[in-house]
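So the sequence lines, in the order shown, correspond to chains D and X. Here my numbering is used: the first residue of the first sequence is 10, the next is one more, and so on. Here my numbering is used: the first residue of the second sequence is 6, the next is one more, and so on.
Everything labelled a hint here was simulated from the structure, so no lab data went into it. Just to be clear, a hint being listed does not mean it is correct.
As the list claims (entries may be wrong) - Here are the computed lysine to aspartate or glutamate pairs in the EDC-like style, where the Cα-Cα straight-line distance is at most 20 Å:
| no. | chain 1 | residue 1 | chain 2 | residue 2 |
| --- | --- | --- | --- | --- |
| 1 | X | Lys163 | D | Glu181 |
| 2 | D | Lys93 | X | Glu176 |
| 3 | D | Lys125 | X | Glu176 |
To be verified - Far from chain D by the CB rule (all over 10 Å, computed), these chain X residues:
| no. | residue |
| --- | --- |
| 4 | Leu52 |
| 5 | Ser73 |
| 6 | Pro110 |
| 7 | Leu126 |
| 8 | Asp162 |
| 9 | Leu168 |
| 10 | Ala174 |
| 11 | Glu176 |
| 12 | Lys182 |
| 13 | Phe262 |
Unchecked claim - Selected chain X positions facing chain D (Cβ under 8 Å, derived; list incomplete):
| no. | residue |
| --- | --- |
| 14 | Glu23 |
| 15 | Leu131 |
| 16 | Gly134 |
| 17 | Gly160 |
| 18 | Arg170 |
| 19 | Ser171 |
| 20 | Pro186 |
| 21 | Ile247 |
By construction, the Cβ of each residue, glycine as well, lies at the ideal position given by its N, Cα and C atoms.
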Amino acid sequence: MTSTSASARTHGVRVVIADTRKVYETRDGGELLAVDRVDLTIDPGEFVSIVGPSGCGKSTLLSLVAGLSPPTSGRITIDGEEVKRPHSKVGVVFQTDLLLYWRNIIDNILLPIEIKRWPRRKHIERANELLAQVGLSGFGHKFPSELSGGMRQRAAICRALVQEPGLLLMDEPFGALDALTREQMIADLQTMWLAVNNTVLFITHSIEEAVFLADRVLVMSPRPGHIDLDRRIELERPRKWRSRAEPKFIAYMTEIREIFEAQGVLSKQ
Amino acid sequence: MAARPPHRKKSYWRPVLESIASPTLSIVILLVWQVGVPLAGISDFILPTPIAILERIAVDYRMILTHSLVTVLETLAGFAIASVAGIALALAIFYSRVFERAVYPLLVALQTIPKVALAPLLVLYLGYGFAPKCFLALLLAFFPIVISTVVGLQGLDKAMIDLVRSMGANEWQTFFKIRLPAALPSIFGGLKVGISLAVIGAVIGEYVAAERGLGYLQLQAGAQFDTTLSFAAMIVIAFIGIVLFWALEICERRAVFQREPAK
C-alpha cells in the first residue's frame, strides 16, 4: 500500500481564512450567525482536523472553503487566490458517498475528470491505482449497489483524489459508517495521505479521530462557531493503533474534552 | 419493509408458481367465459364468446387493421407532442420559480376539466379529421408527463449538486450528468401513464366525430347491434395500449439503469 509512484505526489496548497463570517437568513426573516470571525492559516501539506459539536458551523466553514457558498464577510484564499467559486485544486468528500447508482465504480471515480474535461484515458490508470490502494482492485466494473457502505465511501475518497487535489476537504466522511469500518478507514486514510501528502481539512465530531489523523486539531465552539483551541499534535507518523494508548495521545484527548466541558457541550464527570 | 411469515419455507415450486400465475389466471377467466356463456344460455348478441370475437378479428382483419392504423397514428402523434411539450414545460417549471407560480395552478385546473367534455368543442374548433383526436390524446397524456418530470427533477439530493459543483460543473453539465439521469425513472413513469391515456384520448375523439379509427368502428358496430365487432374493436384497443406500453418499457430498460437495493 505504501508503494506510490512519484507522479502521484501532489503539492499541498496554502489555505488562508481571514476574519471570515457567515450569516444565514432564516425562513422567518431572522439572521443566523453560523461562522463567527474565523482566522486560520493552513500550511501546504498540513492535515488539519476541526472537531466540534453538531451545528457548530464546521460544515459551513468547509463549504465556504469549497467555494460552494460565499462568506458574508472576510476572505478565503487558496495559494493566494481568492475563493469565489469551487477551486480546481480542491476535492471534497461528503458525509455520504454520493456515488451515482447508474455508473460503475470506475466511471464514478472519473466523474470529476469528465466534468473538468481532462483526458479520461490518462486518468484511468490513476483511478485503478487509487482503487488498489484502498483494497478495491477488481471492483472498478461493479456498481455502487454491489458494494458495502465502507467500500462505497472508499470509492468516494478515490473520486476526490483522482483530481490530484492540492486540498482535500472532508466533511465527516466516516460519520455514516459502523465503528469497525470506521476504524479501518481512519488507518487507510492516513496511509493514503502519507503517500500523497496534500493539504487536508478534515471535519469530524470524534475527538479520537481528529487527534489520530491530524497535525493540528482545531476545536470549534457551539454556534456561532469560532475556534476555541488550536493544538498541534506531535505524535510520530505513521500513527498506529497503539498510539492511542500513549500518554501524549490521551493528554491531547483530555485537553480537547475539557474545552467541550467548558463550553457545556460535554458534562463534567 | 414487510417481513414474510417466518416459518414459511421457500419451496422449489414457488418461483415456478409465481411465473405462471398471471397466464394461468387469464386462461381460467377465458375458459369460464368461453364455456359459461353458452351454458348460461346467453346469446352472442349480449355477450359473444372469446373464440367468436377472435374469429371476427380474423375474418375482418383488413378492416380492423385500417382502423387500428388510424388510431395508432393519432395516439403516437398526440403522445409525441405531449412528451416534447410536457418535458419542456416541466423544465421551465423546474428552473423558473415565477413560471412555476404562474403555470402550476393553471395546469392543475386544466387537469380537473373532464376531457371528454372537451371533445365536442374540439370537433367544433378542429374539424372531423386527425387533429381533434391527436389533440385529445395530447391533452390526456400531457399532465402525468409534466408532473412526473417535475417531481423527478425536484427529487434530487441537494448534496449531489454540491458534489458536482465542487468539481466545477456548470449547469449544463449538472443537468446532463446528474439531474436528467436521476430523473429518468420518474420521467418514464409519467411517459408510461401518458401513453395509456393517449390511446384513450384518441378513441374518445373518435367516439364524438370520426369517419375512421377503432372508436368509430366500435360506435358503428354498436349502432348496428353488432356486439361481436364491438368487442373485437375493444380488444384491439386494449391490445394497442399494451403493446405501446411494452414498447416504452423496452426503451426504459435501455435508457435507465435498473436500481438494485443497496446491500
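Legend entry - Hints the structure fails to honour: 8, 9, 10, 12, 13, 14, 15, 16, 17 and 21
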